[in-house]
Every structure is written in structure tokens, then in C-alpha cells.
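Following the hints, put chain D in place on chain H, whose structure we already have.
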Amino acid sequence: MPIILSLAKTNNVLWAAGPEGLFKVNGHGLEAVPQPQQELACCASDGKRILVGGLPHGTAFSPDVGGNWQASWMDGVDTSVLCIAPDPRAADSGVLLAGSAGGGVLRSQNRGDSWLVCNYGLYDFTVLALAWAPPTPEGVWPKWEIVFAATEEGVYRSPNGGRGWRRSEGIEGVVQTLAVGQDFHTTGIVLAGTESSGLWRSSDGGRSFAPVANGPQRVDALTATATGWLLSDENGLWRSADGLAWTHIPNSKPALVLLSTAEGVWAGGEEGVELVA
Amino acid sequence: MRMSRNTAKKKQPENWPGVIGRPLSHRHFLHGINTIADLLAPTLGPTGGPVASGPDAGQRVEILDDAATIVRRIISLGLPQKDVGAMVMRNLIWRVGQRAGDGGATAAILARAIYRDGLRLTNAGHNQMRLIRGVEEGVRIATEALKAQARPVTGENELANVARTITKDYDLASVLGEMSYLLGPDAHVVIEKFVAPYLQRRYIAGAYFGAEISSMYFYTQPEQKKTVLNEPAVAILEERLEYVEQVVPLMEAAIAQEAQSLLIVAQDVSGAALGALVANTQAPEDKKKLTIMAVKLKAVGQEARWAMTDLELLTDANILGPNHMRDGAHARTGDLGHAQRVEFVNNGLVVVAHDTNRDVVQQEITNLRTHITALPLDDEDRPKYIKRLSTLTGGVGELKIGAHSKGEREMLEAQAERAFKVLSSAQRDGVVAGGGAALFHCIPALNAAADQTADDDIAQGIRLLANALATPLRQIAINAGVPAPAVILQQVRDGGPNVTFNALSGRVMDAYEAGVLDVTDIVTKVLQIAASGATMALSTDTIIYHRKPQESMTP
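If you read the sequences in order, they're chains H and D. Start counting the first sequence at 738; every next residue gets the next number (my numbering). Start counting the second sequence at 13; every next residue gets the next number (my numbering).
Source of the hints: derived by calculation from the structure; they are not laboratory data. Hints may contain errors.
[Unchecked claim] In silico lysine-lysine, BS3-like type, Cα no more than 30 angstroms apart, as pairs:
{"id": "1", "chain 1": "D", "residue 1": "Lys180", "chain 2": "D", "residue 2": "Lys238"}
{"id": "2", "chain 1": "D", "residue 1": "Lys308", "chain 2": "D", "residue 2": "Lys180"}
{"id": "3", "chain 1": "D", "residue 1": "Lys205", "chain 2": "H", "residue 2": "Lys880"}
{"id": "4", "chain 1": "D", "residue 1": "Lys180", "chain 2": "H", "residue 2": "Lys880"}
{"id": "5", "chain 1": "D", "residue 1": "Lys399", "chain 2": "D", "residue 2": "Lys205"}
{"id": "6", "chain 1": "D", "residue 1": "Lys412", "chain 2": "H", "residue 2": "Lys880"}
{"id": "7", "chain 1": "D", "residue 1": "Lys412", "chain 2": "D", "residue 2": "Lys180"}
{"id": "8", "chain 1": "D", "residue 1": "Lys396", "chain 2": "D", "residue 2": "Lys308"}
{"id": "9", "chain 1": "D", "residue 1": "Lys396", "chain 2": "H", "residue 2": "Lys880"}
Note that this is a predicted model, so its numbers are computed, not measured.
For reference, chain H alone in the conformation it holds in the complex:
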């Protein structure tokens, strides 16, 4: 079974990506989809296109559900793209962010045709995860486009859709996964999972983080659901209502990626993809 590191949903198709390539998830399991990257690290969708990140092209995209592929213009960044995060309103705005291994954050305003390096404020240029906050509610001023970047030395916060960054306080270590609460604009809760320093929680909109006392030490995957939070460590899944108190889900399999969708939470890992909640 291929290792899955990234999941994305386009219309009714669930995509899974990992070192072995890109797959469509269907009733029969994983169906391999030919794509141009040799070392695939992630996949994402803006609702119209499927994009893949890795090497040698940085990112490549398919406008026709995996039929044809085109490499993006990468603004001189020749390292691997590790994560891609579409703006929650990407279907209209066409804005996407990508995190690279050493090249920092890239921003696209044309659905991935071309990217521009947007590293203002970053001190670490290996970006392992990106997570957007939900759009600012209508009628609220100022209207921010808040997004977070997880790097090998902490978390960065951008109020303007990734154009510039400011380091979040408190958190240190290799942050490999992030999740923003679905009610972010009322609670301000953001979670960050590290490789070996446990789980961190922010309740001030991601400006500062504090360690979560009873969470696992290693967090491989993290997601916000409609009712709370779900994470995975090397032993299995954990559940929490508030991001503070966590309970292990017995007999659950460890996951490397979790994706919340309308039909539930999908988990990808060393044993393929399954619906877990």
C-alpha cells in the first residue's frame, strides 16, 4: 500500500499523494494517476484544478482532472514544494500558497500558473505546513486574510493572505502540522503539532502559543472538525472538543494526514486512505 502524505478534495474526487505518486481514491482503493513530478510531497485543489508539489517542477497543475499537466513558473525557487494551501475563497480569488524546502513561501494569484516568493518576515525558509483561517465574516472591518505557516523553527502568522509574515510567540521546535478552528473568528483557536515538542495551542488568533499539557509528544496530523479537533501521533488518533483535553481513540490507526470534508474526516498514512470520523 502506498504511503499517503497529502489529501485533497475536488468536487466529488478525493485525491491522495505521497512518495509513490498521485492517486484517486474510489470505492476500489487507490487508482494511480500519471503526473510529472518525480518526488511528490503534496497535492491540493482550488476547486477547479488539481495541483501537485514536489520535484523537479516545484508545482505542476492539471486543469482537466489529471488528464494534462503543466509545470508552474517558480520565481527562481528550485527546491521541492512540500505543501500547497488554497485560499478558502480560491474559487473566486485564484490565490494559492505553497511552502517549499528552503525557498520559503510562494504565492500565486492565478491558480498556480506562476508563483512569487513572499518571504517577508520569515526567518526559516523550510515551510512544512500552511493553514488558512476561515474568511472574515461579512460586515466586519478590518477584513483580514489570516494564514499560518509552520516551519522548522516555529509558526508564522500572516494577516494579509501570505504577502508578509510575523513570527508567533511562544512556540519553538519543528512544527509539522497546523489546524485552525472552524469558529476561529469567535474563539481565536489555532493548534500546532510538532515533531517532538508536543501539541501547542493559541487562543489569541495565533499571535502566541502555549504547550498543551496532556497531549501526545509527537503530532503527525491535525485537523479541525465541526465538533472539535482530531490528531494523530505514531500510535493512533486522539480526539478533543476544545483542543486542551485529549482522549486517545482506542484501536485507531496512526495517520500522516487528516482532511475534514462534508462526509467526515479522511485519514491517510502508511496503510492508504480511510474515512475515520
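Showing chain D alone in chain H's frame:
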């Protein structure tokens, strides 16, 4: 506003030219002070509008919205009787603009209230000098009270709210708040104007230097006139490169470092040296060992020396040249520095440094910040130091604003420049309840101090200031069309130090929730300068009228 010399002559005072004393001198002062305060009072608060000035020699009408520029346009009111007081106000408001960046209209209203009340008390028999001592003591107490009210600025929301008090344009205010949040208190922002409505911003990550590329053959992306070098070796030379012998050691040193690319920063690259570098660039890919870019910095004099030093600090390179340990012809492997990424585009060189020299760079940043903080806002060298700081801290912001008319574009630019000054102060000294409420909430502290002061004249001076501190809030309420401002003042008083009158919604509410905020340092400076100007006028008993008074463009 300006009258012709003939009209002025007709209305000249009886003793003109000559000397006049009290009480006529005070009446003349009050005349001018009132004229300027009446001009600026309607502009106070979010409901106040701009002032039209003109037409000038080109029949152009200027639309102005900051008090300092409005008063700068007045070089005479036509009547010498008015001019004395008006020019004192003009100087006072201009000083507020220079030192605080904002608050000229508030200063005018405060100064008028202090002067008018001071005059009334002096005429009633109080000792003028002791009254002034009371006002000075009141300023000290109010300054402490303002400090006690101040809250630190924690995020982009507060900064946007502070910016909104200056621009009144919501979109521009949120961009200014965002830029100030990301760039910090010592923001280096380049403002670019466009001839149609436009609002955009860009952040340039890395140390930015104005530069010229030595040859178009060095572009790695010729169609965009752009060069990107990843992980280049960096050579910095304080000399001209003309001969092949000067550049070969640099290329050999870069190859010895196993670098794939080389950035050469030199005073100039020409002749055979440039030919050798271009020949290398045009070599077939399989034979080319290095991607090279040579540039010369645009800075001159002290700024050029700073640029070289900063590049040396950031890249860990040694500066080469006849005045240094070695020149380019004798460069060694260890003389070359490193960068993470180098980009040349639009006559700008952006160097993203590795983090290896962080401690040394941080120390230099701390020294520069200390120096900048000690400089007044209007110091002419301040922008140079801020620019240098932005080089070391790694970032420049570009604000792109546009409007259809020239006047509107200039007003937007002036607002943005003023807002950055104010936001810088906000990040350093925090914010207080806006809309004149912070000054209003100082009144109880002043009244308490007056009650405990034995000297009646000094106590009256403190009370005089306390009464004056209510005038900005009252004026904002009047400008918002409130029929009974006293009721609003009472509600704000009852609400406590966080409460203000929100002129836009017409409600008394929590200033921090409503985002009606003022910068502590600015409110303090406005108070101090207004009180100083008003007391100076109050202590002046005699006016000398000249036959041909000089008109000064500089306040």
C-alpha cells in the same frame, strides 16, 4: 485668506508702526488665535471635512486635511492685528505636525481654551506668572495621567483603527495597519503613486539596496529583466574592476567554495573584467561553472559606506580593495561571503542572508534602534537611519496608492506618510481612548491636584488646564451635530477611562471595542506644545508692529 497690501493698510492699527501694550496686545493676540482655531475646529474628528486652499498661481485649489499643512498655507491674514496671534498658532501647529505627526487641530483648540481662560483670570486679578506655573504643573499631572491610561498595541486591528483616525478611508487604513504591524515601529515604506484609483502593497524580504546591473547579459530571466541567484558566493569590492586579473581570483574563490553562482558588488565593472564575466555567462551550459551577476550600488558617500558595511555584516564577506586588507586581484576563498538568495529587479538588489551572523546583526540593530528612538520625528537624518535599519532587519514595504486627481493623490500620500509616523509612535508608546476622551479623563487628576494646592493662583492655573482638556471632546461632539454636548461629556465622564464618544455612530462606548484610539505619545506632545504656546502668548504683554512685516514661508 490673504489680503492685498492696500486692504491691509486701510485696516492697519492706530499705532502702526509702533508699540502696543496690555490690554490691547492681548486683544490682538486673541483675535489671531481665534481665527486659526475657528478655521481648524470644524476639521476635528471623523465627521470633519478637509479644507480647500487656493487658488494658487496656477489656479489650482488644494484639498488639505491636516492642520499643519493648512496653517502653512497662511502667511498672513491681511490684518496685522490678527497676524501676531495667528502666526504664534501657525508655529505651534507646525511644531505639533513635525514632532507628533498629527493632532494640529486639537492643539489649536486646546491653546485657544488655555489662552482665553488665562486672559479671563488675569483680567480678574490673578497673578499671571503663577497662573502659568499652575498650567505647567497641570501639564505634568496630565502627562502622568495619560501614561496611566495607555495600553500597548497588540495587533493589526488596533493599528488599523489608529490609521483610520488619520485617513478616514477604511481600505487605506487597513492596509496601513497591516503594513505597520508587519514592518514594525521603524517601518521603511516607499510610497508609489498611480494616476487612477489603486491600492496595493508589497513586501520586499531581505536587505534592499538600490543598484545597477553591469550588463544585461547577467539577467537570468531576461524577459522580466530579473536575476535570481540561489546560494551564491558574494564578493564585495570597494574598487573598480577593469582587468581580467581582478575578476579571475573571485571566480576561482567561488568555485573553491563549491558555489554555483557569484554576486559581485563593486564600484564599477567595465573593460576586460566585464568582458571576462560576460564571456563566462555566455559559455555553453555544460562548460559554465558559475552563474555570475555584477552590480554597482547607487548609494554615495556615507550611505554607500553603510551599504558596504551592511553587506559585509549580512553575508560574512570581507570588503576587498586598495584601502582594505586585500584587493580583488589577491582575493582568497575566505574573503567571499554567502547569501541564501539574491535577486535583482527594477534597479534593486535584494539579498536574503543566511542566519549565521545573527548575533552581530542583532547587536547592530539594537544600537540603531536606540539611536533612532532618541532622534526627533522631524530629524532630517532619521529616514536614512530607518532605511539602514530596514536593510539589517530584512525588509522594505512598498505602498502603491492612486487617485484620479493630483490633489487627491497628494492628499493620500500625505495621509499615508503621517499615518506611518503616528503608527510608529503607537507601537512604541501605546494607545489611549481617542476622540479627545483621553485628555478629558485626565480632568479628575487635575481637579484633585488643584484642591490640594495651597496657592490659589497656581490652583487656578491647574483648573484652567482641566477646563481646557474638555474642549477637544466637546468640539468633536459639536462637529458630529450633537445638540447637547454637555450630556455626551457627562456620559463619557461616568463611563470611566476606556469610554469615548464615537462620532461616527453617535454613541458613547468603549473606545477599544469601537476602535476609536489615539496614540499616547501624540496626545502628550499635543498637550505639551499647546500649553507651551498658549502660556508664551499669555505672558507676552507687548507687541511691536513693523512698517513692513516680513512674510515667512517657514512657520
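**Message:** Tell me the hint numbers this structure goes against, listed in increasing order.
**Reply:** 1, 2 and 9
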